[in-house]
Amino acid sequence: MTVETLTSYDQALTRYEPVLGMETHVELGTASKMFCGCPTTFGAPPNTQVCPVCLGLPGSLPVANAMAIESTIRIGLALNCSIASWCRFARKNYFYPDMPKNYQISQYDEPLCSDGYLDVEVGGETIRIEIERVHLEEDTGKSTHMGGAGRIQGADYSLVDYNRAGIPLVEIVTKPITGTGALVPEVARAYATELREVMRSLGVSDVRMEEGSMRCDVNLSLMPRGSSTWGTRTETKNVNSLRSVERAVRSEVERQAGVLDAGGRIVQETRHFHEETGTTTPGRSKEEAQDYRYFPEPDLLPIAPDPAWIEELRATLPELPSTRRRRLQAEWSLSDLDMAAMHNIGAIPLVEQTVAAGAPAADARKWWMGELARRANESGVALSDLAITPGQVARVGALVAEGALNDKLARQVIEGVLAGEGDPDAVVAARGLKIVSDEGALSAIVDQVIAENADAAEKVRNGKVAAAGALVGAVMKASRGQADAGRARALILEKLGAS
Amino acid sequence: MSAITRDEVAHLARLSRLALTEDELDHFAAQLGVILESVARVSEVAADDIPPSSHALPLTNVFRPDERQPSLTPDQALAGAPAPEENRFRVPRILEEE
Numbered sequence: 001m002t003v004e005t006l007t008s009y010d011q012a013l014t015r016y017e018p019v020l021g022m023e024t025h026v027e028l029g030t031a032s033k034m035f036c037g038c039p040t041t042f043g044a045p046p047n048t049q050v051c052p053v054c055l056g057l058p059g060s061l062p063v064a065n066a067m068a069i070e071s072t073i074r075i076g077l078a079l080n081c082s083i084a085s086w087c088r089f090a091r092k093n094y095f096y097p098d099m100p101k102n103y104q105i106s107q108y109d110e111p112l113c114s115d116g117y118l119d120v121e122v123g124g125e126t127i128r129i130e131i132e133r134v135h136l137e138e139d140t141g142k143s144t145h146m147g148g149a150g151r152i153q154g155a156d157y158s159l160v161d162y163n164r165a166g167i168p169l170v171e172i173v174t175k176p177i178t179g180t181g182a183l184v185p186e187v188a189r190a191y192a193t194e195l196r197e198v199m200r201s202l203g204v205s206d207v208r209m210e211e212g213s214m215r216c217d218v219n220l221s222l223m224p225r226g227s228s229t230w231g232t233r234t235e236t237k238n239v240n241s242l243r244s245v246e247r248a249v250r251s252e253v254e255r256q257a258g259v260l261d262a263g264g265r266i267v268q269e270t271r272h273f274h275e276e277t278g279t280t281t282p283g284r285s286k287e288e289a290q291d292y293r294y295f296p297e298p299d300l301l302p303i304a305p306d307p308a309w310i311e312e313l314r315a316t317l318p319e320l321p322s323t324r325r326r327r328l329q330a331e332w333s334l335s336d337l338d339m340a341a342m343h344n345i346g347a348i349p350l351v352e353q354t355v356a357a358g359a360p361a362a363d364a365r366k367w368w369m370g371e372l373a374r375r376a377n378e379s380g381v382a383l384s385d386l387a388i389t390p391g392q393v394a395r396v397g398a399l400v401a402e403g404a405l406n407d408k409l410a411r412q413v414i415e416g417v418l419a420g421e422g423d424p425d426a427v428v429a430a431r432g433l434k435i436v437s438d439e440g441a442l443s444a445i446v447d448q449v450i451a452e453n454a455d456a457a458e459k460v461r462n463g464k465v466a467a468a469g470a471l472v473g474a475v476m477k478a479s480r481g482q483a484d485a486g487r488a489r490a491l492i493l494e495k496l497g498a499s
Numbered sequence: 001m002s003a004i005t006r007d008e009v010a011h012l013a014r015l016s017r018l019a020l021t022e023d024e025l026d027h028f029a030a031q032l033g034v035i036l037e038s039v040a041r042v043s044e045v046a047a048d049d050i051p052p053s054s055h056a057l058p059l060t061n062v063f064r065p066d067e068r069q070p071s072l073t074p075d076q077a078l079a080g081a082p083a084p085e086e087n088r089f090r091v092p093r094i095l096e097e098e
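Protein chains in written order, with this note's numbering: chain A, 1 to 499; chain B, 1 to 98.
One or more of the hints may lead you astray.
[As the list claims (entries may be wrong)] Computed footprint of chain A on chain B; a stretch qualifies when at least three of its residues, placed anywhere within it, have a C-beta under 8 Å from a C-beta of chain A:
# : segment
1 : 11-18
2 : 58-66
3 : 69-78
4 : 87-95
Rather than coming from a laboratory, the hints here were simulated on the basis of the structure. Small disclaimer: the values here were computed from a predicted structure and weren't measured. Built from N, CA and C at the ideal position, the CB exists for glycine as well.
With the rest of the complex left out, here is chain A:
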């Protein structure tokens, strides 16, 4: 194997213009499979969700799942596509054991939806990603390779579980995306992110990349600057997180530029992305050029969606994520930058739910973007995976607003909730985190602090009110943060005759 020299990303972009294409597979969240009534539950024991149809046994006949057709049309409509008035399924023939039939039912030159677009935001700008097609097919089985370090290369044999075979799978293909320049990794990620949100808002899939219910293939080629002839592209398969989408694009830019700079030529091939190294390696290689011998699926009748049905489905479309973000931004009076920051870490739905639970938008945003974002970051989890609900965050905010907590105590309450100590009120009770509002107790602490800090106290008496800060700090410390700082300050000034 030859060792490839990489060209640094910035260098690469001075000489080449990247051309990106994205193919995204989304498993639909239907109750049953695409062409049979088998369940679609993720993680079921091997071959417990299979029947003669999805095992491709002789004499079995597929019948299309109405919900899958509806979901695909709704996806097409949400992506501004035209819906075919008539189209067919096609057989994609290939010899590989992940499909027991030796073919996959897919769509070929007659996709259900075509020619749409999705607008994504990158660095404050809106970029329109054109959609080539959205088609419906069936997912394949899962192979486990035995021997040879678990990889297909060098394996002794493989074991196949067909639970996943036949789950409805929607493939969304973009047109080539050009003119992004150095932003190409961010554009790829922003597209995958936005697409995932659209799917979520439609409720057609759980779009869990880590479980494979959304998978991205990244096509990339480089074109020398000033040229108008596209280069040879590679296809990096099954990139399984949003961050990996961005890294895979970046890594392919560096690798391809390195090959081209060394006078080499890009091989059109499938590549695999590796999480650990952030690089890609060639996939199934040396195989003959694919020849799938597509032909219309004889076992399934054509689909001819009635225009009235399409309009009915259009009426079921929810407010789409980009529209929703614009509305919320106006409602919350936030800048583009603030909104983008919230969007990037997935805080928008959480803030929205916290507001719905009664918190003012500014408070909700403060907690999610501040303390909670910090904690999520520290423990390396998504904001939405923190063990605190929007309702609990709203309650913490309310306790602060009532004066029962200050920010410092509120952070301890959040810590308690995250540690599984119960609701905010339970944590406050269990940890004894109420602000000391008992005047007698506070007064005693203030007297003690004044006695212990004679110098500072003297300065305040002499009119240097700024010196009171140190005394307030000492009161907060003595009360373990449970004093109301404003009240403590007033009391100090009063006792020292400076108010």
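Since the structure of chain A is provided, determine the placement of chain B on it from the hints.
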């Protein structure tokens, strides 16, 4: 001349993972040629106003509701498998050694 060339038959055999001898290639090319020629005769009678059709039934939109039906048990599913292992289908090495 046959409707299918010997090379095309060899290509299809390779795609289907069938090992055909030289003699078999000649034999099947001739046979497949006869079949293709017979089918091609249909196009001689097809009038211009008849669009090509892929299905015999004049039906569209035949769907089933999204409802679950009982699946097979793993034992039933694997009953015809020559070498089940851990309730999975065991298949020979997929990629040849390079």
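Taking the hints in turn, this is what the structure says about them:
| no. | hint | result |
| --- | --- | --- |
| 1 | 11-18 | holds (count 5) |
| 2 | 58-66 | holds (count 8) |
| 3 | 69-78 | holds (count 8) |
| 4 | 87-95 | holds (count 9) |
This entry satisfies every hint, going by the numbered hints stated previously.
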